[in-house]
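The primary structure of each chain is shown beneath.
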Amino acid sequence: MTARNNISALVGRLGRHRAIWPLLALVLILIVDVIISPNFFEIRIVEGRLFGNVIDILYRAVPTALVALGMAVVIGTKGIDLSVGSTIAICGAVIAWRIQAGDPHLVILFLALGVGMLCGAWNGFLVAGLGIQPIIATLILMVSGRGIGLLINQIYGGTDPSFESALLQGMSTGSSGYIPNRLFLAAGLFILLWLAIRRTALGLFIEAVGGNAAAANLAGINARLITFLAYVVCALLTAWAGVILTADTHTSDPVSVAMYIELDAILAVVIGGGSLAGGRIHLGMTVVGALVIQTLTTSILISGLPPEYNLIIKALVVLLVLFLQSGKARASLGRLIVRRSK
Amino acid sequence: MNRKYLPLIATILVFLALFVIGGSMYRNFLSTLVLGNILADNSFIIIAAIGATFVILSGGIDLSIGSMIGFVGVCMAVLDSMGWHPLATAAVMICFGVLFGALQGYVIDAWDIQPFIVTLAGLFLLRGACFMVTLDSVPIRHDFVNAYASTSLPLPGRGVLRSSALVMLAALALAIFIAHFTRFGTNVYAVGGDQESARLMGVNIRRTKVGIYALAGFYSALAGVVYALYTSSGYPLAGSTLELSAIAAVVLGGTLLTGGVGMVAGTLFGGMILGLISTLIIFNGSLNSAWIMISSGILLFAFIVLHRFLVSSFDLRGSS
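Chains as they are written, first to last, in this note's numbering: chain Y, 1 to 342; chain V, 1001 to 1320.
Hints were generated in silico from the structure; no laboratory data involved.
Computed from a predicted model, the values in this text were never measured in an experiment.
There could be a bad hint or two in this list.
[As the list claims (entries may be wrong)] Estimated spans, in silico, between C-beta atoms of each pair:
(1) V:Val1092 - Y:Leu316: 30 to 38 Å
(2) V:Asp1194 - Y:Gly334: 42 to 50 Å
(3) V:Asp1143 - Y:Gly334: 34 to 42 Å
(4) Y:Gly334 - V:Leu1016: 40 to 48 Å
(5) V:Trp1084 - Y:Gly52: 46 to 54 Å
(6) Y:Gly131 - V:Arg1207: 47 to 55 Å
[Said to hold, decoys possible] Output of the computed footprint for chain V on chain Y, the stretches with three or more beta carbons under 8 Å from beta carbons of chain V:
(7) 129 to 139
(8) 165 to 176
(9) 219 to 225
(10) 256 to 270
(11) 326 to 337
[Stated by the list, open to error] Derived contacts from chain V toward chain Y, CB cut-off under 7 Å, selection only:
(12) Lys1004
(13) Tyr1005
(14) Asp1112
(15) Phe1116
(16) Met1132
(17) Thr1134
(18) Ile1304
(19) Leu1306
Here a beta-carbon is modelled for each residue, glycine too, at the ideal position from N, C-alpha and C.
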């Protein structure tokens, strides 16, 4: 076998591997970035912490990535969660309210996470308990959740929901030894989730329920319980994102916090190769998907294009990534090229 | 009785029950005036939802509806300020809607990408296009808008059917004809029931899917035209998250998101239930913005549960 054959076999194998296309998209966007701004990868140390575009992308991608990981679990059960933005709004309102009330901040952290899980339990109850279709079931909390957040703000007058908290802001915007704390936090949560999904039978159960709930039930899996748990896990990760976002802005803003985060999270899962038809969870690739989205957003910002173009460029790049991912589209493109070259 | 009518009957019962409850709570609620207003105020949601019904019947979903309404609105307003007649702009925009929908349908089938994601890209694309056309709210000042607004058909009592409602009812009649009396309509149900079986029976999947999304594009562009004429302005953020209202109207109307099951007529009542929810909140009058959001959620929840309860209790009676 010649070296050339070896290489083409390797390329062929890489092409079939599902991880290659999102990574390729990420690399392509980064290459464009370097062309636009040659010192894109420059990292400096400013005031005792790392500073640069790459760090900025990782830093800003954390909330979306956390929500996307939860979304990946829910999508694995063939579900969807539209209420993540509302969950974040409610968590933020609870944090601001309890800090005004003077609770210890560690208690508030657990309270916020608990309230988040309560939101997930509500969604899980509607989907698994009442059997309502997920997109409609989670629409209920999506519609009313930001209102609940506003209502919580009104409990203490709602005039000044801003706050200071060394603990929460330390987790969100602080850094230890050059590296932002939220990256440690996100990595820790990712490892915990990965262990729970891949080192216990939970992942297998979720994928079985998403693949075929009736068959999973017959095989002895409590499909309702698994579905319920998936929504709670998603809401817990979303609540962590809510803590980070709320501490970042030092205030609770239920109307506009995390607007459209559900769409970005779903997009991240799909760019990472997840199927909305359920039955598959790709945790690592979901993080790559979130990084693709954040890199794209940052790139549009540093490119200096007018902000009106943001959405259009985002849509076109997303379509390009999906085009690369689609085996059917690549095949027809390949045929077209072959026909031209003949 | 045919079981396929159960969800539709349940939807109509829920609608009537709510209407009567509203009537017992507020004076002047039970009138053709309120009914006519609900039809006119929600005509654009119902028109868009009719298009979404075909998409959902085929097992897909269309998220680009709200952005399409916004885009059609700003184009109508900007072209109006350039001296175009609103009807001419409407014709152009509806053609654009059909083409855009057909393109989405083609991408979904030819690239084999999930409809949720393709139409999500459509949502971003059209909303971005809105911002490129204009960043301001632009009024539509043509005389035709006044003529359109003052046209109406009297109903018994004090109520009237305004032109928006008339357009909506005509669009509904067309949709019922397409869904139940044409081969294309049968193909939509076949594709939604089981795409592989439909293919094996000789249904042209590519043509059907392109047709479905083109039809959805037609209806959402028409909804955009009705919305622009109704508000007599174009605003680049108009119609945000309206796609979710449309999907909710379709589902409340008894159509399953899994495809293959449901009726276009149900969507009318689904949309009117959403309209009743906001009318009830307006009649109450004392709610602040927080409670408006929360009570919409609670009422949505109540309807979904009531609807499920009605359908399952009918089911039990039918099988025993």
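Taking the hints in turn, this is what the structure says about them:
Under the hint 30 to 38 Å, the C-beta atoms of Val1092 of chain V and Leu316 of chain Y, about 23 Å apart, miss the expected range. For the pair Asp1194 of chain V and Gly334 of chain Y, the supplied restraint of 42 to 50 Å is violated, since their beta-carbon distance comes to about 30 Å. Checked against the given bound of 34 to 42 Å, the beta carbons of Asp1143 of chain V and Gly334 of chain Y, roughly 56 Å apart, lie outside it. At about 58 Å, the CB distance of Gly334 of chain Y to Leu1016 of chain V disagrees with the hint of 40 to 48 Å.
The given range of 46 to 54 Å is respected by Trp1084 of chain V and Gly52 of chain Y, whose C-beta atoms sit roughly 50 Å from each other. Between Gly131 of chain Y and Arg1207 of chain V the C-beta distance comes to about 35 Å, which lies outside the given range of 47 to 55 Å. A stretch counts as covered by a chain when three or more of its residues have a beta carbon under 8 Å from one of that chain; for the segment 129 to 139 of chain Y and chain V the count is 8, and the coverage holds. Counting residues of the segment 165 to 176 of chain Y whose C-beta lies closer than 8 Å to any C-beta of chain V gives 0; at least three are required, and the coverage claim is violated.
Remark: the segment 219 to 225 of chain Y is not confirmed as covered by chain V, as 0 of its residues place a Cβ nearer than 8 Å to a Cβ of that chain, below the required three. A count of 4 residues in the segment 256 to 270 of chain Y with a Cβ less than 8 Å from any Cβ of chain V is obtained; the coverage claim is therefore met, three being the minimum. Remark: the segment 326 to 337 of chain Y is confirmed as covered by chain V, as 5 of its residues place a Cβ nearer than 8 Å to a Cβ of that chain, reaching the required three. Among the interface hints, the one on Lys1004 of chain V is violated; its C-beta lies about 18 Å from the nearest C-beta in chain Y, farther than the 7 Å criterion.
Interface restraint check for Tyr1005 of chain V: the shortest CB-CB distance to chain Y comes to about 20 Å, outside 7 Å, so the restraint is violated. The interface hint given for Asp1112 of chain V is met, as the beta carbon of that residue sits about 4 Å from the closest beta carbon of chain Y, less than 7 Å. Here the hint on Phe1116 of chain V is kept, as its CB sits about 5 Å from the closest CB of chain Y, short of 7 Å. Using the Cβ-Cβ criterion of 7 Å, the hint placing Met1132 of chain V at the interface with chain Y is satisfied: the shortest such distance is roughly 5 Å.
For Thr1134 of chain V, the interface hint is violated, since its Cβ never comes within 7 Å of a Cβ in chain Y; the closest pair sits about 10 Å apart. A least Cβ separation of about 6 Å between Ile1304 of chain V and chain Y falls short of the 7 Å threshold, and the interface hint therefore holds. The beta carbon of Leu1306 of chain V is not positioned within 7 Å of any beta carbon in chain Y (closest approach about 12 Å), and the interface hint is therefore violated.
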